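Visitor: Quick note, the sequences are listed as chains G and A, same order.
Counting the first sequence from 1 gives a position; this note's numbering is that position plus 3.
Counting the second sequence from 1 gives a position; this note's numbering is that position plus 1367.
Rather than coming from a laboratory, the hints here were simulated on the basis of the structure.
Check the hints yourself; a few may be wrong.
[Stated by the list, open to error] With a straight-line cut-off of 20 Å between C-alpha atoms, the simulated DMTMM-like cross-links for lysine to aspartate or glutamate are: (1) K202(G) - D290(G); (2) K373(G) - D1764(A); (3) K379(G) - D1764(A).
Bear in mind that the values here come from a model prediction, so they are computed numbers and not experimental data.
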Amino acid sequence: MSVETPDIADIRADSVGDFYFPENHVYDAGYGLSEKTIDYICDVKNDPDWVREFRKKALKVFEEKPMPTHWATTDLNNIKFEEFRYYLAGDRKAKRSWDDVPEEVKKTFERLGIPEQERKFLAGVEAQYDSEAAYSNVKKVVEEQGVIFMNSTEALQQHPDIFRKWFGKVIPTGDNKFSALNSAVFSGGSFIYIPPGVKVKHPLQAYFRINSEQFGQFERTLIIADEGAEVMYMEGCTAPKFETATLHSAVVELVAMKGAKIQYVTVQNWSSNVFNLVTKRGIAHEDAEVRWIDCNIGSRLTMKYPGVVMKGRRARGEVISIALANTGQHQDTGAKMIHAADETTSNVISKSISIGKGRATYRGLVHIPKHLKGCKNNTECDALLINSSSRTDTYPAINVRGNEHATQHEASVSQVSAEQIFYMQQRGLSEAEAMSLSVNGFINDLVREFPMEYSVELKRLIDLEMEGSVG
Amino acid sequence: MSVAAPIAEPEMEKPLSPPLSSAPTDLTPDFSKLEDAPEWFQSRARAAWEEFQSLPMPGLRDEHWRYSQSKNLSLDGLHLAGETTEAEKQAAIEGSKGLTHVAARLIFLNDRLIHSQTDGLEQGVVVLPFAEALRSHGDVLQQYLMKRKADLGSEKFAALHLAHVQAGAVVLAPKNAVLKAPIEIFHWVSGVNSLVFPHTLIVAGDHAQVTVLDHHASLRDEVAQSVAVADFVAGNGSHITYVNSQELADSARALHISSTTVARDAQVKALQLQLGASFARSESVSDLAGEGSRSDMLGVSLPFSSQVVDMRTLQNHLAPHTYSDLLYKNALYDKTRTIFSGLINVADGAHYTDAYQKCRNLLNSADSEAVSMPGLEINADQVKCSHGATSAPISADELFYLKARGIPDQESRQLIAIGFVEDVISRLGHEELIESLDRRIEEKFARQAA
């Protein structure tokens, strides 16, 4: 336990998240996944019987479902499920004050700038360290409005009626192999309930941190915005880079009741040994809006296709997606838009950048069934290739029934042209600066969709990723 | 996560027009008929039969059959097309109404040649029925016959085709031969549950130019199935224009597998015109193998009633400075479905590629359904690529414009739909060919109206 922690100054600027503390777990479910693992998790978490049953059923579904390699990358076969640990926790109880948080956890989040940001502009923060939340706090003003913001383990105990009503309803266990895995071993994640008419002014923020090697993080987030409510939720993720693989498989369910608005912002910067296999979906009822603003910079393989089921009339769904794939990375991202009511509209804008040997993939699904009227979808996906060994793929599927809808899909692939770079060099910019300026120009209109603090951070991250990519 | 198995995957309908009997089918080829054929062909046919037997029918999880199903081409109850009567032959010949000016015309009925007219051929261009070409130009066939493996989902059907193929045209254009008039081939099928295997092979030597038009038609409205394979080999600087005009009966089913190889500075234009059949599927691959090569892949489908048209394409850029442009347009009516799945693949090193792909669907009824899956896989640098897919009804503005000029609603809708697909047909750039295809489209509208 006496490993010396380096000073902030020792950490390279391009790897803010690449450090870790020695493991200090009170609870450890051990390696591999079986019914025993699930019993262990249930016992530790004091889960009610229905959750135990739910988890065990999910384990069976997970075991039965094949890897989706008939359409997805075969890199999935490199995930050795028996070599992961599925539950690691220190203290199960999230602290309300930073002072009570264990020293190394506090240091971790301080180094990542979380408490500072909370003071500055957040309405509430939750910080998850491996399997459980270490810190959870929501500003008093917000709490007084009736907003519930806590980790899902607590919510399960304290608000079982609201939790159970929506839990697993947007994303059923059997949706895919990884949603089944999450359903079996989920731990942590946020639970948010916004009462009718409440508009939360400042964003709520969750921070996910993996500290341990050969570990899988399976948080489960459920956000419910009641009639006319509005909320913005942001999440960030980092992990140190280990020699072995790390698995992150979350399930995020959003429910926007009549006239409600949910914006969900993700900046994913996992280290390049993380398999990031996430299922995210929202239901938008009448006049409601669900927006996913998604940025993927890190991980070895990300497979994530945020979806919106537009269930009520005039519901709106949107996905704004930025992906940056560097050498050794595959960003397989996209969007699913399921129109299930009249006059629903959806919009997908995706921009990806492939650098070095990186591979960016867009996969999309737009479904407009028959007997609906006046549905509209617009999809745009643009890819930028930086080097000659960079790779990009696009696989959309658009299914439209009936003659009262309009959809359009457009995609383009381009390079930063030599003329552009030359022009900027003429004006005194170095080649790298010129390249970085072009790339930032390519995604600029999307970066603006992120909250201010995030967009600054994003630009910085992209500059760092671009470093040394020219020539 | 589960993009391929989304909640919205369409319900699997019953296969369309099931064969009358579901008795296990014996499609074993009669290899004794091949005694005169070159040895290499005999062994390839036998190997293909083995392959056919060993391959499973494509399953529901097969990505190349997404939103479709191979059951629609079930072989259960089918048999090899049999002998025909004199009256049927006469009907087929009389029904073969095509172009006025042709360089050659071959008519097949149930995979047997019933008419051949080749007096318009010049500059050394050869048009032969498949069986004859096998005897007289065995070496050419050995070099080119189905050398590009079908890989868009119908490998099993392609193997069955090779095990049985005996009919169709082999077009060989020597170096520098420029043939202005098109070559026209008719493939008729007759008899309930008949199975035919029309074949087309076009080999254009360096700087040669040829135009070939294939027709597929039924004598009567009955269940039948056509498993066609067409291969186009375009030598340096050559031009090939090809049209597959599929007008089989409403209860019939059609599969057309085509592979194109385009060499340096060559150009190939290929159009799939899908008018007939209850289920029609085309799989078209274009390999841009030489620098400066160009491929135009065109498609028009006009499904009525409960027709399903399933289109799979691959624009495969293998060399630098290559160009491909795909335009598929579907005008859907009644309870029809179209499935378009296209992929642009730009291989490692195929720099300076320009590749475009567009699928447009005009939905004319509440129960029609259009699925578009335009795809891109880019592994090279300095590439200009784009794809687009649209699905929409006729715009109210366009209808209003025509109405203001006194054109009745029904008529304007038809005019707009014809204009919509005409845009594709006109890209063929061959006036008589365009007119003839337009006539077929108008006839289909007239039949539907009646």
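Visitor: Each hint: holds or not?
Guide: Outcome of the hint check:
no. : hint               : result
1   : K202(G) - D290(G)  : holds (16 Å)
2   : K373(G) - D1764(A) : violated (23 Å)
3   : K379(G) - D1764(A) : holds (18 Å)
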